[in-house]
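K.L.:
Each chain is listed here by its residues.
4 protein chains.
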Amino acid sequence: MKALVYQGANTKQWTQVPDPVIRDNSDAIIQVDATTICGSDLHILKGDVPAVTPGRILGHEAVGTVTEIGTAVSSLKVGDRIVASCISGCGRCAYCRQGRYGQCLGGGGWILGHRIDGVQAEYARIPFADMSTYPLPAGISDEDALLVADILPTAYEVGVRNGHVEPGDTVVIVGAGPVGLAALLTARLYSPSNIIVVDMAVNRLQIAKELGAHTITTPDVDVHELVNAATGGLGADVVMEAVGSPVTFELCTTLVRAGGRVANIGVHGKPAVLHLEDLWIRDVTLTTGLVDTTTIPTLLRLLATGQLDVHHMVTHRMGLADVVEAYDIFARAADTGALKVVLTR
Amino acid sequence: MKALVYQGANTKQWTQVPDPVIRDNSDAIIQVDATTICGSDLHILKGDVPAVTPGRILGHEAVGTVTEIGTAVSSLKVGDRIVASCISGCGRCAYCRQGRYGQCLGGGGWILGHRIDGVQAEYARIPFADMSTYPLPAGISDEDALLVADILPTAYEVGVRNGHVEPGDTVVIVGAGPVGLAALLTARLYSPSNIIVVDMAVNRLQIAKELGAHTITTPDVDVHELVNAATGGLGADVVMEAVGSPVTFELCTTLVRAGGRVANIGVHGKPAVLHLEDLWIRDVTLTTGLVDTTTIPTLLRLLATGQLDVHHMVTHRMGLADVVEAYDIFARAADTGALKVVLTR
Amino acid sequence: MKALVYQGANTKQWTQVPDPVIRDNSDAIIQVDATTICGSDLHILKGDVPAVTPGRILGHEAVGTVTEIGTAVSSLKVGDRIVASCISGCGRCAYCRQGRYGQCLGGGGWILGHRIDGVQAEYARIPFADMSTYPLPAGISDEDALLVADILPTAYEVGVRNGHVEPGDTVVIVGAGPVGLAALLTARLYSPSNIIVVDMAVNRLQIAKELGAHTITTPDVDVHELVNAATGGLGADVVMEAVGSPVTFELCTTLVRAGGRVANIGVHGKPAVLHLEDLWIRDVTLTTGLVDTTTIPTLLRLLATGQLDVHHMVTHRMGLADVVEAYDIFARAADTGALKVVLTR
Amino acid sequence: MKALVYQGANTKQWTQVPDPVIRDNSDAIIQVDATTICGSDLHILKGDVPAVTPGRILGHEAVGTVTEIGTAVSSLKVGDRIVASCISGCGRCAYCRQGRYGQCLGGGGWILGHRIDGVQAEYARIPFADMSTYPLPAGISDEDALLVADILPTAYEVGVRNGHVEPGDTVVIVGAGPVGLAALLTARLYSPSNIIVVDMAVNRLQIAKELGAHTITTPDVDVHELVNAATGGLGADVVMEAVGSPVTFELCTTLVRAGGRVANIGVHGKPAVLHLEDLWIRDVTLTTGLVDTTTIPTLLRLLATGQLDVHHMVTHRMGLADVVEAYDIFARAADTGALKVVLTR
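Chains as they are written, first to last, in our numbering: chain A, 1 to 345; chain B, 1 to 345; chain C, 1 to 345; chain D, 1 to 345.
Source of the hints: derived by calculation from the structure; they are not laboratory data. What you are looking at is a predicted structure, and each value in this text was computed from that prediction instead of being measured. Heads up, some of the hints might be wrong.
No copy is singled out in the list; a pair is fine if it fits within one copy or between any two copies.
[Unchecked claim] 20 Å max Cα-Cα, derived DMTMM-like pairs, lysine to aspartate or glutamate:
id, residue 1, residue 2
1, Lys270, Glu250
2, Lys209, Asp309
3, Lys270, Asp222
4, Lys46, Glu277
5, Lys77, Asp24
6, Lys46, Asp278
7, Lys2, Glu250
8, Lys46, Asp33
9, Lys2, Asp33
10, Lys2, Glu68
11, Lys209, Asp19
12, Lys46, Glu122
13, Lys46, Asp24
Okay, chain A solo, but in the shape it has when bound (with noise of 0.2 Å):
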């Protein structure tokens, strides 16, 4: 088959490689039928996650169609289409039990595309497929569905859960790349009264609008201002930061009022500074989190109902065979608008 292969930093390749066997008597094949690219994947080729080596293939969203079966796989068959999640989860050890299966301490967490070979490629094997794998009911399609494989959960579950946004409340989503625009569309589910997104880019800050969001700004405007003109000088209930550097983490946590919380999303490479002479007296909880992915179901029937509408979140529709060009549209977001980029058979 083909696959997107890593080759070292800055390079990769659609190439020929063997087609995927069964390992594990756990394991699933499936033909990918739809696949997309993750930020993390662009961190992956600048060569700052060491875990991937050179031949590996790249890639943890995808939707497929299972070809094959391991002999301990219970509640799958061949032709089942399903969505596989970005997490793999043992469902044996003590954080899967709990449902943190990005925590898994039995050979899963972040594994496709990372520790083993991923899903940007015509097949692939998923591990753990009766716990890592959801079957898609008929009337949802293969993008809406590829969705829930990591931005729609990692933005609902790190974000607006761990951030426990309630009816009423302001919240600040700062960064409204894919998955600010996914934290934004998951946290109107709670009905805050007020979203204010903050992000450089223009566009973004326009599609945030058209998402819902209440309020939007680029950082060079006074937030602080805006935020406590619109809380009575209180701060706001719940910040995310869906970014991943210091600068924004610290915007976060001088933009939250005292009881409130920062959920952080972003992927950070960098230590930011936490003002505690600040923040020790002023009861703030701050979250961190990998996905689960434990909302999957609860993610495709709200898309099933049309109660979650994510048709913006998708710019650009391609062919799995377009997948280098892929990555070049999805690297130069600024110039090219991409969100996420939809890779199908």
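With chain A's structure known, arrange chains B, C and D on it following the hints.
P.N.:
Frame of chain A; chains B, C and D shown alone:
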């Protein structure tokens, strides 16, 4: 009356001042029967707390007897024996209505010995007296009751409850000063299986041991190795910071397991480094907080039943007029072994 | 002034009575600008509420203007436009400190139009005025504000929040009277995927449909089959009882899924049968509750932003002097289609 | 091998049967090293549990040694010493993913000695072995471990944790049989201030006293008066039903304070009357539940550290071949004083 008056950085005097009077109809005046000194009083004396101006009477922990009440006070009468919370709450603002008296928007919060005159005096004015004092049952001593004015609820609310200590947990407490020891005592109410206390002072560690710590250690030992050995390499379920320095806070964030909690109790004067490059993926919750003292009634009950035994917490007992000497003893804790110095009428 | 006075079972009169006066220094007197009738007023009139004795002015829902305040009232001034909560809270007892004003031990709870004179009058005395009134922003109408005095927070707190409605849930509401419809409106704040409303009155079901119910049904249809079809045979995540009869309560307990919640909102006069022989093994949580009205500020914000649209809830508008006729219309709801009848000055 | 076989109502026999064999690749076979008898076994023997058909081997609590594993079992190996949970969980269904193994939709739940052959036998087949067994550390005895198979987690999860016992609480436990006593032991992990145990059997009350009950009483005393005296007339914070009869359940609902919780642990065969005419206004939460045994690892740790001391719980120790006599002793508990009867190889 006589009171301890702050007279600018590093200067204080036990001196004659006018008796306190009712200013608002929700005030009460109390005769101070017992008071004590807090670490934050030392901060103030260093000149580090600009809100405290020369002429201010210090102190925010008191047990006393009501001598006068304002016309709006309904639940107290002259002669009542009460503990005065270190935190005043208007009872009416949005924060007070949630029990977050520490964040009171109506003129309360930490004001005693800070924004208004405090309780290291023969008499004191207690604002919002209905909300901010608690009647004492006959069976409880002034000394025990004094510890619920600040230190016990601080440790319990900001450390143990924010940290969600649970039966069977491994808990690390960094800092074995009075608040760290109070965290140890109140953590035990939830039956953790392993409490590890870290401090540089061997005599304080010894007291921690007597108060029920399972493991004690100085930080020159490899604390990570110790915690890893106790937790199969996972890290602690709950870590509490009870020092208030960047280095101890950073230590805490490296000792917590994925999915665990770091509860900051310490008062910080400087920022800390938050290693988001490690933490973003580890599902960690960090909390900060000022005490609300909502748990005073529960703590009084636990003292009354003997479920909390705080007799190790009081190392020195003196007369109120000896308050200047008491500060000296408290400030030189490394030499004197002082934890709480109780001053009585 | 004139007021509606209860004169024993089945008798009431709009008649001249003395103007209310300040009795406690925490009281306020308000001019009643708008009031309405509650189902519990009908219970009282039947003579079913022994605490209500002849001579009592009825009514516990009001929007008004402050005309006088007691000396202990600090957050109101004459001329303020406020909504008076149906629940009074002393603010100081153990329950009030937890926001459980409905269970106030200090003389509050449901007292208006019950243990003391109420608000179906030209003027009214409001005890604990700081705690039990909420200032109204300019943009919100008397009519909208009136609904937060009782019915909206009752549905939201006792139904939706006790029931823990979550995005994607299947929710059943048994009873489409005013409180059932308010439960529907406020449940939607949490984005359930399927709200099924059960009532005998087809016109009320029609309104439920307009307010966003996904499915409406009379109880002569097999409701179990309907719920099972919607949930793969599991049952509903949340079931709310909004009638107050044994038969509807028992229906609710058979519609809930294992691990689900039954939130009782209805006012009951008789015991129900609890089928523990079926329920003991099903991990069910049942809750009851009197409203605390702690959510009034949130509900006012949601009304102000248009996130809650309650215009279907008010079916009749009349003058205050027409209150006797209004009772008649409200009591004959099956004929008149009455939901809330608003009486204005 | 030999096993205890149900042969229809009131008939059972310790008799020769075929050895168990692996049927599904997730099964394990264990040699039973210790087992015991549960109240539900007596229900079955009365013929009250139709799912149990003649020929079924009884019993659902076992400590054993793995003798064979299916090809899909990954976390066990032959020779491992394990405790088998009374609850089997497929690990993959929506309920198991939430840790609600008791409600498993994938073929698990309470099946041992109920829908499939149980563990009162020399050997037993354990389905879903990875999910439903727990390895035993060396320091823990078979007898102690046996109590975590059912009774300790039942009391802890369904009683103490559903009831949200907190430090300082007043807790009433109605029923001092094995599960009530286990509720007492595990409630103490949360440091309630007053545990009141109600039972008709004076010898069981005596054991409750030894296990730490603060107050013991027979129901012919006025329990309400006793609870009111202990709580200033408010009622208990938490009440647990550990009998399984209508009258005791109804008693529980009258002992709870407003805002309190009633946690049902008892197995009920008949409906109870729920006095909604009193309860609707009292903010009460009632819970029911089948154990999930998710707390087994925590309970094993607490046993290993000596924080749980269960030696009073085992009153009789016999050989496995004496199981018929053991049933007799257990069934005549009023005469024999039996709590748990441990049968060992």
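K.L.:
Next, verify each hint and record whether it holds.
P.N.:
Evaluation of the provided hints:
With identical chains, the CA atoms of lysine 270 and glutamate 250 are at most 20 Å apart both within one copy (12 Å) and between copies (15 Å). For the homomeric pair lysine 209 and aspartate 309, the shortest alpha-carbon distance inside one copy (14 Å) is at most 20 Å, but the shortest distance between copies (22 Å) is not. For the identical chains of this complex, lysine 270 and aspartate 222 are neighbours neither inside a copy (25 Å) nor across copies (25 Å), given an alpha-carbon limit of 20 Å. Taking the shortest Cα distances, lysine 46 and glutamate 277 sit within 20 Å of each other only across copies (16 Å), while inside one copy they are farther apart (36 Å).
In the homo-oligomer, the alpha carbons of lysine 77 and aspartate 24 lie at most 20 Å apart both inside one protomer (16 Å) and across protomers (17 Å), since each shortest distance falls under that limit. Taking the closest pair of Cα atoms, lysine 46 and aspartate 278 come within 20 Å of each other only across two copies (19 Å); inside a single copy the shortest separation is 36 Å, beyond that limit. For the identical chains of this complex, lysine 2 and glutamate 250 are neighbours neither inside a copy (43 Å) nor across copies (46 Å), given an alpha-carbon limit of 20 Å. Taking the shortest alpha-carbon separations for lysine 46 and aspartate 33, neither the intra-copy value of 27 Å nor the inter-copy value of 57 Å comes in at or below 20 Å.
With identical chains, the CA atoms of lysine 2 and aspartate 33 are at most 20 Å apart within one copy only, with a shortest distance of 13 Å there and 54 Å across copies. In this assembly of identical chains, the alpha carbons of lysine 2 and glutamate 68 lie at most 20 Å apart only when taken from the same copy (18 Å versus 42 Å across copies). Taking the shortest alpha-carbon separations for lysine 209 and aspartate 19, neither the intra-copy value of 44 Å nor the inter-copy value of 53 Å comes in at or below 20 Å. Taking the closest pair of Cα atoms, lysine 46 and glutamate 122 never come within 20 Å of each other, the shortest separation being 24 Å inside a single copy and 60 Å across copies.
In this homomeric assembly, lysine 46 and aspartate 24 never come within 20 Å of each other (Cα to Cα): the closest approach is 31 Å inside a single copy and 47 Å across copies.
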